[in-house]
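Q: One-letter residues, chain by chain:
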Amino acid sequence: MDLTYSEDQTLLSESIARFIQDDYDFETRRRIAASEHGLDPATWAQFSDLGWLGIPFSEAEGGLGADPVAVMILMEQFGRGLVVEPYVPCVLLGGRLIAAAGNAVQRDHYLGDLIAGRVQLAFAHGEPGGRYALAHVATRAEACSGGFTLSGQKAVVHNAAAADFLVVSARSSGEPGACEGISLFVVPRSATGLSIRSYGTVDGLRAGEVALDGVELGEEALLGETGEAFPVIEAVTDAAVAAVCSEAVGIMDRMREMTLDYLKNRQQFGRPLGSFQVLQHRAVDMLIACEEARSLALMATLNLGGSAAERRRAVSAVKAHVGNAGRKLGQEAVQLHGGMGVTDELALGHYFKRLTMIDTFFGDAAHHLDRFARNP
Amino acid sequence: MNIELNSADRAFRDEVRAFLAGSLPPDIQRRVEHGLELRRDDYASWHRILYDKGWVAPSWPVAHGGTGWTPMQRYLFDEEAAAASAPRIMPFGVNMVGPVIFTFGDAAQKAHYLPRILSGEDWWCQGYSEPGAGSDLANLRTRAVRDGDVYVVNGQKTWTTSAQWADHIFCLVRTDPSAARPQQGISFLLIDMRSPGISVQPIITIDGSHEVNDVFFEDVRVPVENLVGEENRGWTYAKFLLSFERAGIADVGRSKKQVANLKRIAAAEQSNGRPLSEDDRFQEKIAALEIDLLALEFTELRALSRHSAGEEPGTEANILKIRGTEIQQRITELTLEAVGTYANPYVPEALRDGWNEEPIGPEYAAVAAPRYFNWRKASIYGGSNEIQKGIVAKLVLEL
Chain A
3 MDLTYSEDQT LLSESIARFI QDDYDFETRR RIAASEHGLD PATWAQFSDL GWLGIPFSEA
63 EGGLGADPVA VMILMEQFGR GLVVEPYVPC VLLGGRLIAA AGNAVQRDHY LGDLIAGRVQ
123 LAFAHGEPGG RYALAHVATR AEACSGGFTL SGQKAVVHNA AAADFLVVSA RSSGEPGACE
183 GISLFVVPRS ATGLSIRSYG TVDGLRAGEV ALDGVELGEE ALLGETGEAF PVIEAVTDAA
243 VAAVCSEAVG IMDRMREMTL DYLKNRQQFG RPLGSFQVLQ HRAVDMLIAC EEARSLALMA
303 TLNLGGSAAE RRRAVSAVKA HVGNAGRKLG QEAVQLHGGM GVTDELALGH YFKRLTMIDT
363 FFGDAAHHLD RFARNP
Chain B
24 MNIELNSADR AFRDEVRAFL AGSLPPDIQR RVEHGLELRR DDYASWHRIL YDKGWVAPSW
84 PVAHGGTGWT PMQRYLFDEE AAAASAPRIM PFGVNMVGPV IFTFGDAAQK AHYLPRILSG
144 EDWWCQGYSE PGAGSDLANL RTRAVRDGDV YVVNGQKTWT TSAQWADHIF CLVRTDPSAA
204 RPQQGISFLL IDMRSPGISV QPIITIDGSH EVNDVFFEDV RVPVENLVGE ENRGWTYAKF
264 LLSFERAGIA DVGRSKKQVA NLKRIAAAEQ SNGRPLSEDD RFQEKIAALE IDLLALEFTE
324 LRALSRHSAG EEPGTEANIL KIRGTEIQQR ITELTLEAVG TYANPYVPEA LRDGWNEEPI
384 GPEYAAVAAP RYFNWRKASI YGGSNEIQKG IVAKLVLEL
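Line order of the protein sequences matches chains A and B.
Here the first sequence is numbered in our numbering, starting from 3 and rising by one per residue.
Here the second sequence is numbered in our numbering, starting from 24 and rising by one per residue.
Simulated from the structure, these hints should not be mistaken for laboratory data.
Positions of the beta carbon are idealized from the N, C-alpha and C atoms, including for glycine.
Some hints could be false.
[As the list claims (entries may be wrong)] Not close to chain B: a few residues of chain A, all C-beta gaps over 10 Å, as computed:
#1 Leu13
#2 Thr30
#3 Glu61
#4 Arg120
#5 Gly131
#6 Ala135
#7 Arg142
#8 Ser147
#9 Ala157
#10 Cys181
#11 Ser200
#12 Gly202
#13 Val204
#14 Glu222
#15 Met260
#16 Gln269
[What the hints assert, rightly or not] Which residues of chain B face chain A? A partial, calculated answer using Cβ under 10 Å:
#17 Asp159
#18 Leu160
#19 Asn162
#20 Ser328
#21 Asn341
#22 Arg346
#23 Val415
Model the full structure from these sequences, guided by the hints.
A: As structure tokens, then:
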């Protein structure tokens, strides 16, 4: 057992940190977040040049080896930099689903372009009323001559409007909630019958409500076997949840640092806030929360390759922890900044908003606590 | 980075497991398993068995009789020992005064005391806290005044665990009351518990047990050769010792074992016509506890990995102490909750092995409340958790 970074992993972490420091300061982030699609094409091209778009893919898929620890390192730094680029919906969801469920032709067709930064993807899965039940898919996929017809509604699809293709889950048989009967399709955004109502999110990202109204697709749009997509969806979303938890670790740690700086510099009653014991202990509690989140994110990442049961339990452990501890830490960071903590001017509040919304990503703390309990 | 044990560590774990299976006396194991009282003989026998195997002092250098284990092997040993329901080794000799003696003691002290600590011939207790010096340990007032070849010691120590069993006590005493800072006038003395002028009075804790004591010193004459290191440098040695005391204090293995026990109780208890373990709310409480324990486990494993890679152990021990004890207390709290009304009967005899009467309520019920009450000590001893946070705030956060 060795839970320290290898030399390569340290170098990767440092190179991403350097990128954030040199090319992605908070004003840059603010500008990109305000742009039409919430992503900067030049930055995305830089991600591709640096090889980051290929990190989660094996060499056979055209990637760099699919090391989950490398994804963890990348996402933690993205969290520290509060990066808005759609790495999760495009690469970790859309790209990974095609890699895991698609055939060789489909992988060749999409992944090369994805890794080169030429296409954007999204994953249209959650539905209104489905909350966090992963098998709640009511969108129908009817077989018709030469292909399929999709009809339904998808909720809060990140990166939907910028995506060239959406990976869409739809039910070929059974009722919403059944794991059997779910299929995956690649749908061009330009497909007739597909419409997107796009919006900004409270944490500075882009998402959309996706309506599928009799969208006709050929056979080649189907990823994998009809009705058998659920295990792939669960494995890919689990890996994405672990990655987003690492993003949360970076956010929490950065918020903790900002708060610590504030406690040391802000003078009240003629002395630094940090000289008050009641605040010192709260700063220590924040440190402990960060260390525990980092430990669990690592544990989950290293269990992604284990059995499905081990993976579920590990991923739900970290997601539940990050949901609860992240909420507490976020609130504390704002509180200890006093009035400055609630201003739009300070970066802190933007970290707080992203951390808060991470709890809703494929299941909140309560959902994952329940899932953990049910997977002994 | 990888999560798997390497083949050497797997082989080591198997060796430890086989040793425990073959060498841990079943009656001692049963008492630990059921949370029953352990006698001095239980600790002494297990100490002796580990000593004969050469495994009693993993934290010592090989030259003094240590095992030469890596940090990971020490962790694995603790985990396996807890899983097998082995008693803990009393820490006062092996993990506290032993390291102080082999680090700061003179040749005669090393030659005399270390073999007797290893073999279990000598039992030690710790004379640190005083009625007026708890968290503020440096405020201690027990005086040692040089008189020719002896120090004359007067004062009182308290919360002294197993003083009723000990042959020796290592004491922080004040040798220079006029020093500029309270930390500067303290010395580290080794005192024979049979010395005239020492008396021990039991302190009974809220669970009804006798673990700790008051120790009184009245004109106790201690030979000057029992001073460790230099006079008035005792605070340095005391802090060194505390860093040993906190190592392993997270006690992940024992907590895992206790969580398994809690789950068994929850499966046996009925709630609204079905097992408590199937109650959603109780399930979630256990789940949250298990996640906290996983976080603790991996925080410790990360620290071990850094340590193995050559990094000096930092203040992670303080964090492990805080979280480890909070989790231990949470386990006792949920176990008490799981047991329900049969936590009420207080039958001291039921806490002793060999009590032959019919238990009142389920067999596991009798220890639940005493354990809960007893375990409140964990966030207080070894430097209260508030003191730990103060240390982290100062040394890590530089506040």
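Q: Look at each hint and say if it fits the structure.
A: Here is what the structure says about each hint:
no.	hint	in the structure
1	Leu13	14 Å, holds
2	Thr30	29 Å, holds
3	Glu61	19 Å, holds
4	Arg120	32 Å, holds
5	Gly131	22 Å, holds
6	Ala135	16 Å, holds
7	Arg142	33 Å, holds
8	Ser147	48 Å, holds
9	Ala157	26 Å, holds
10	Cys181	22 Å, holds
11	Ser200	37 Å, holds
12	Gly202	33 Å, holds
13	Val204	27 Å, holds
14	Glu222	39 Å, holds
15	Met260	13 Å, holds
16	Gln269	14 Å, holds
17	Asp159	14 Å, violated
18	Leu160	18 Å, violated
19	Asn162	18 Å, violated
20	Ser328	4 Å, holds
21	Asn341	9 Å, holds
22	Arg346	6 Å, holds
23	Val415	5 Å, holds
In summary, the numbered hints that this structure violates are 17, 18, 19.
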